[in-house]
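Protein chains in written order, with the numbering used here: chain D, 5 to 455; chain A, 26 to 333.
Don't read these hints as lab results, they were simulated from the structure.
Don't take each hint at face value.
[Said to hold, decoys possible] Think about it this way: if two alpha-carbon atoms lie no more than 30 Å apart in a straight line, the pair counts; the simulated DSS-like pairs of lysine-lysine are: (1) D:LYS360 - D:LYS98; (2) D:LYS255 - D:LYS313; (3) D:LYS313 - A:LYS118; (4) D:LYS396 - D:LYS295; (5) D:LYS295 - A:LYS320; (6) D:LYS164 - D:LYS313.
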Amino acid sequence: MARPVTRGPRPSLTIPGSVSGVDRRSILRGALGAGALLAASGSLAACSSDSTPATSGGGGGGKPGNVKFGINEAKGSGPAYDRLAAIAAAYTQKTGAQVAVNAVDHNTFQESITTYLQGSPDDVFTWFAGYRMAQFADAGQISDLSDIWPIDGMSDAFKKAATAEDGKQYFVPVSYYPWAVFYRKSVFEKNGWTEPKSQDDFMALLKDMQGKKITPFAFAAKDAWAPMGTFDILNMRLNGYDFHMELTKGKKKWDSPEVKRVFETWKTLLPYHQENSLGRTWQEAATSMAKGECGMYLLGSFVVDGVPKDAADDLDFFTFPALDASIGADALDAPIDGFCVAEGGADQEAGKAFAKWLGSAEAADAGNNASSVPFIAANSGASTAKYGPLQKKSVEVVQNAKSIAQFLDRDTNADLANTVITVALQNFIKKPDDIDGITASIQQQAASILG
Amino acid sequence: MSATATASGTTAAPAKAETAGQSGVLNRRRGRVATTVMFVLALIWLFPLLWALYNSFRSYDYTQTNGYLSVGGWTLDNYKEAWTRGSFGLHLKNSLLITVPAVALTLFLSSLVAFVLARFSYRFNLTLLGVFLAANLLPPQALLIPVFRMFREIPLPQFMSSSGSMLNSFWALILVNTAFQLGFCTFVLSNYMKTLPHEIYESAELDGASVWRQYWQLTMPLVRPALAALATLQVTWIYNEFFWATVLLSRGDKYPVTSALNNLRGQFFADTNLVAAGSIIVALPVLVVFFVLQKQFVSGLTLGSTKG
């Protein structure tokens, strides 16, 4: 930048700037300058505007069979990413089609799914079964996959989870994780406790634990979704799976006597839970179970990530016992993860072909063989060789279960779950006596959200 | 942002006390009280940052078993792991590719507008400035859907955007950031330019300098302090921008570094010490820019805002 040349004082000209004309040439030069600046920024931006394919070759969508694959695990974030990347690579190896992987971290992917699907989605993307899938099917944003069903090795329970309101399938399951009551084997052995088989066993166990100054249940409600697990299991034990599904779809009322009974039962169980749960994350609750301060923890099987290695090897679990003999204990939460084909994707045919393969036992094995921590494959034909004892037991438990729910926030409208029910459950934990007020408030908002 | 706010608070404090002292409002004792109060406030501001810094050097296993009030478990692994797991190399580059053009473009365009607003007296000048400022008051969230839909409909050639539209391209982010920052920059720059003596322009006119030359060779060098101050601010703001990046981008490898911080959290499990280390890494470039240009920041801003 040149400094203005200063000259000797001159008599000032009294022509105001606004009157004197603007030189045409200088405007042109100015425009050139602006153009150069734009061009400079442009070349910078263009440097990395191509998506990185997971395998060699160009982005997906060009050649027939090539596919774009959006996954909800950030690149290099751990075993979950490794599995998905390996599955994509195995598809390339098998068919020669390129898979361009678009890796976004889990929470961002989930939170921006609406703009993702309306913008420029990948052909196939990772998603969840249940209402969360069905609402996009309803909106016409994901493709009908009924022609690739039935999938070899997928049970009817999985087909049901992949089916939307219109009776067609829009989803391909790949894995699941069960919610159950986890405990440390060594702690149970030391105190002579066994897994409770009946409600009486269960109550006796709770009392005995309290007598020995061990809090029976580790409990955390700072992650607002965590208490939903407790609500779900009590609801399914007291009212059954069908009631859970109707309730989450708005066909049953939240202020009904059935739901109130769930809260009443929970209220009697609250003294057996860790206190001050609203300020505790699930990781802290898992830690207190690992330390032996708490006897048990009702959580998803991801609880192993939250405890130190030695405690993780010591973990075992049982399903929540029956609370009502006529209902039994044959339902549980086991959220299913899998894949959908985006209606807005560039190549429907390639997407469907890829989705079909993703459901196969071969795909599940490819993922599990590449990762230090295997998932529990939805396909019954998948190898269980890499499973640890907890996963082998999970398979057994889920296969024995008559009905599988997806978890409260996956079975219902996301707005209802995340803004209404979470708050209501936290209010209940704060003031367990106000059951009427809490249920009435959920029902009122559920009616307006679910219509 | 909290870091910069603290820093400006502490650096501005002595300057304020000094000028106030000259006019005799604050004596020494009162000055000491003021300093103490400001010191305490600064500590309250800094505490969470220092706490994060402290825990970023400790292993998660140690803090998990011994609690966060313990001392020990020192490690540098959090930084190593955060760097590789968060792919910070790639995402810092993305942030650079967004921030630098956006800041340059904002400053260039707003200085053009500011020059016209300050030097010429057209009838609609004030209205124009008002419009620029009004746009500043609009919350960006309110424009989310229109901007998203608009960008989806604007086609770009393949070599500019692999998605074929403005979505998922850095162009979109550069434009959006420029648009939202223009108002503020124009306001500050035009106020600053109004403080330049009119005689300079008269003599330039006499020497036959064109309007362009008056802008580029006369005004621009003179407003350099203001430009430097604005550049500091804009780099901080655009670098820290999170909202538009998550809305307009859906490619994991294109996210700027603020959005990439989420890579350190899993679906359920979050290693808080690792996240702390990642946050420190993300905050560093802004702090460096701020401390390097600190002097301009304080002098430039006060100069621009008190006149006009």
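Handout entry: Contradicted hints - numbers only
Key = Hints 2, 3, 5, 6 are the ones this structure does not satisfy, whereas the remaining hints hold.
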